[in-house]
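J.: Each chain, letter by letter, is given below.
Number of protein chains: 2
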Amino acid sequence: MEKRGGSGGSQIFENLGTFLRKCIFSVLSVGPIPNHIAFIMDGNRRFAKKQNLIEGAGHKVGYLALMSMLRYSYELGVKYVTIYAFSIENFKRRPEEVQSVMDLMQEKIEQLINEESILNHFGVRVHFIGNLKLLSAPVRLAAERAMLVTACNSKAVLSICVAYTSTNEIMHAVEESCVKKWDEIRELKASGVDCGLTKLEGYEKGEAQDLINLTDIEKHLYMAVAPDPDILIRTSGETRLSNFLLWQSQYCYLYSPSVLWPEIGFWHLLWAVLNFQRNHFYLEKKKKQL
Amino acid sequence: MEKRGGSGGSQIFENLGTFLRKCIFSVLSVGPIPNHIAFIMDGNRRFAKKQNLIEGAGHKVGYLALMSMLRYSYELGVKYVTIYAFSIENFKRRPEEVQSVMDLMQEKIEQLINEESILNHFGVRVHFIGNLKLLSAPVRLAAERAMLVTACNSKAVLSICVAYTSTNEIMHAVEESCVKKWDEIRELKASGVDCGLTKLEGYEKGEAQDLINLTDIEKHLYMAVAPDPDILIRTSGETRLSNFLLWQSQYCYLYSPSVLWPEIGFWHLLWAVLNFQRNHFYLEKKKKQL
Numbered sequence: 001m002e003k004r005g006g007s008g009g010s011q012i013f014e015n016l017g018t019f020l021r022k023c024i025f026s027v028l029s030v031g032p033i034p035n036h037i038a039f040i041m042d043g044n045r046r047f048a049k050k051q052n053l054i055e056g057a058g059h060k061v062g063y064l065a066l067m068s069m070l071r072y073s074y075e076l077g078v079k080y081v082t083i084y085a086f087s088i089e090n091f092k093r094r095p096e097e098v099q100s101v102m103d104l105m106q107e108k109i110e111q112l113i114n115e116e117s118i119l120n121h122f123g124v125r126v127h128f129i130g131n132l133k134l135l136s137a138p139v140r141l142a143a144e145r146a147m148l149v150t151a152c153n154s155k156a157v158l159s160i161c162v163a164y165t166s167t168n169e170i171m172h173a174v175e176e177s178c179v180k181k182w183d184e185i186r187e188l189k190a191s192g193v194d195c196g197l198t199k200l201e202g203y204e205k206g207e208a209q210d211l212i213n214l215t216d217i218e219k220h221l222y223m224a225v226a227p228d229p230d231i232l233i234r235t236s237g238e239t240r241l242s243n244f245l246l247w248q249s250q251y252c253y254l255y256s257p258s259v260l261w262p263e264i265g266f267w268h269l270l271w272a273v274l275n276f277q278r279n280h281f282y283l284e285k286k287k288k289q290l
Numbered sequence: 001m002e003k004r005g006g007s008g009g010s011q012i013f014e015n016l017g018t019f020l021r022k023c024i025f026s027v028l029s030v031g032p033i034p035n036h037i038a039f040i041m042d043g044n045r046r047f048a049k050k051q052n053l054i055e056g057a058g059h060k061v062g063y064l065a066l067m068s069m070l071r072y073s074y075e076l077g078v079k080y081v082t083i084y085a086f087s088i089e090n091f092k093r094r095p096e097e098v099q100s101v102m103d104l105m106q107e108k109i110e111q112l113i114n115e116e117s118i119l120n121h122f123g124v125r126v127h128f129i130g131n132l133k134l135l136s137a138p139v140r141l142a143a144e145r146a147m148l149v150t151a152c153n154s155k156a157v158l159s160i161c162v163a164y165t166s167t168n169e170i171m172h173a174v175e176e177s178c179v180k181k182w183d184e185i186r187e188l189k190a191s192g193v194d195c196g197l198t199k200l201e202g203y204e205k206g207e208a209q210d211l212i213n214l215t216d217i218e219k220h221l222y223m224a225v226a227p228d229p230d231i232l233i234r235t236s237g238e239t240r241l242s243n244f245l246l247w248q249s250q251y252c253y254l255y256s257p258s259v260l261w262p263e264i265g266f267w268h269l270l271w272a273v274l275n276f277q278r279n280h281f282y283l284e285k286k287k288k289q290l
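Line order of the protein sequences matches chains E and X.
Just so it is clear: in the first sequence, position 203 is 203 by the UniProt record's numbering, and no numbers are missing.
Just so it is clear: in the second sequence, position 102 is 102 by the UniProt record's numbering, and no numbers are missing.
Heads up, some of the hints might be wrong.
The list makes no distinction among identical chains, and a pair is therefore deemed to hold if it is satisfied within one copy or across any two copies.
[Said to hold, decoys possible] Pairs of lysine-lysine residues, derived as BS3-like cross-links and limited to a Cα-Cα distance of at most 25 Å, are as follows:
(1) Lys49 - Lys60
(2) Lys181 - Lys219
(3) Lys79 - Lys22
(4) Lys219 - Lys22
(5) Lys133 - Lys180
(6) Lys60 - Lys92
(7) Lys180 - Lys219
No lab work stands behind these hints: they were computed from the structure.
Build the full structure now, drawing on both the sequences and the hints.
T.: Okay, here's the thing in structure tokens:
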């Protein structure tokens, strides 16, 4: 009975919180709402140390913070959220730590694709971004299942960068473009005398400058599934991109609150969006004219 | 006589300033000194507006601020300084504004290669970085002359990004790598039966994944003349990279003082270096292990 009462009490507080957020978000919606927010979730391990928790506990509390941020973002009307879950560089950490993060990732991915998860609540399609071949088989399978299960969701998008670095993403796009162009050249050769011959002769003469262009590269970037982010939030006061969305962050507003990731809250997101709105018209003008 | 007295007075102040800086720099040198500092010189036009100056005057005051920053950086022992002088996007500004910046650039480049300039004082080699073909002929010629004249300086390096964007730099590197690889393939074909045939057959079979690799790209980046920056300072409180050194800023400390570029001073540089030092060991560990 007490438990019920407690649960009822916390339910009232939760509903009140949701109501207050809705009020704030409707005021915020008078201005431009970011279409895409990206997060570098920095500080889970430092949080565990600070709170004298065991090492993996930081990531678990971090996951709860992530769920809150996703909820707030989608409630606000942000369509795309991207998170930096695991970098290719992170594979260099101690094997037992990598294993523990992978185990947690598998568990949480499976939790995410449950019927009652936040993904179904907000109609979120999930993309796993990066060189997925580097993941252990169970995590890769769970990731592929999550992408399959949510493939028909169309209201919002969550891109989870795992086994990702920006330079790897760009190199992968260059390789893909090369392969495509190489196939094209071989087809031209095979067809011989058709209208493509002039183009082929151009290549043969060494006019390889036009082999690959910007559109080819951008089409083959893993992150082609989303527009460029409007806001990139990195916690723990770090003002570095750590090889995350470098190509996509050309004109993005970077925000670095000093809190560790598990400590991030509603007010940090609100502050980021307010700053984004303050700069929005100036940024738009810059993008178009300068 | 008065003039002489005034000049003598200001000379004393200047010497005192230099002496104080030297004292502070020798204390600072106990910690790690950044090898490379990059600047996005933002806020010249806003400074002109704020001070009710004519439009071009902001850039002129900005040039003086740049000279101070170069002096402080080289005095501190920073070997590489890179500045974002003019973006490819900037060509979209009003023609008369572009022309006025180009004129100023030409004038200042010629001033820089004077015998008594800061470049010769600190033994600075100059590189102009970007698609120089986009510059007007007089500016391009002045830039080429500056590179030639300072080619034998070896104590420090100044990279001036003009007609530059990071995505253009990466695309240019991809093109160059393609051209090189294409030439290599044609040579293999011409030589026929030598040991390269296996490699050629690999290409013919469509194994184009290995056509271009990370080293190829990095070798052909315009900024291959300098290591990655340790600190990137962008004035006027903006926390965006605006398509500047995206590839190179993977682990760089980003600092955004709220002052406009012409207002930047010694203390801002000092603060940036102190923050860099505070994070240095943590960053080094991250770079190597995480």
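J.: Does each hint hold? Answer for all of them.
T.: Against the structure, the hints:
1. For the homomeric pair Lys49 and Lys60, the shortest alpha-carbon distance inside one copy (13 Å) is at most 25 Å, but the shortest distance between copies (51 Å) is not.
2. Proximity of Lys181 and Lys219 under a CA criterion of 25 Å is satisfied in both settings, with 13 Å inside one chain copy and 22 Å between copies.
3. When the C-alpha separation of Lys79 and Lys22 is checked against a cutoff of 25 Å, the pair qualifies only within one copy, where the shortest distance is 17 Å, while the shortest distance between copies is 53 Å.
4. Proximity of Lys219 and Lys22 under a CA criterion of 25 Å is satisfied in neither setting, with 37 Å inside one chain copy and 52 Å between copies.
5. Taking the shortest alpha-carbon separations for Lys133 and Lys180, only the intra-copy value of 21 Å comes in at or below 25 Å, while the best inter-copy value is 29 Å.
6. Proximity of Lys60 to Lys92 under the C-alpha cut-off of 25 Å is restricted to the intra-copy arrangement: shortest distance 21 Å within a copy versus 48 Å between copies.
7. Taking the shortest alpha-carbon separations for Lys180 and Lys219, both the intra-copy value of 12 Å and the inter-copy value of 23 Å come in at or below 25 Å.
In this structure, the one hint that does not hold is number 4.
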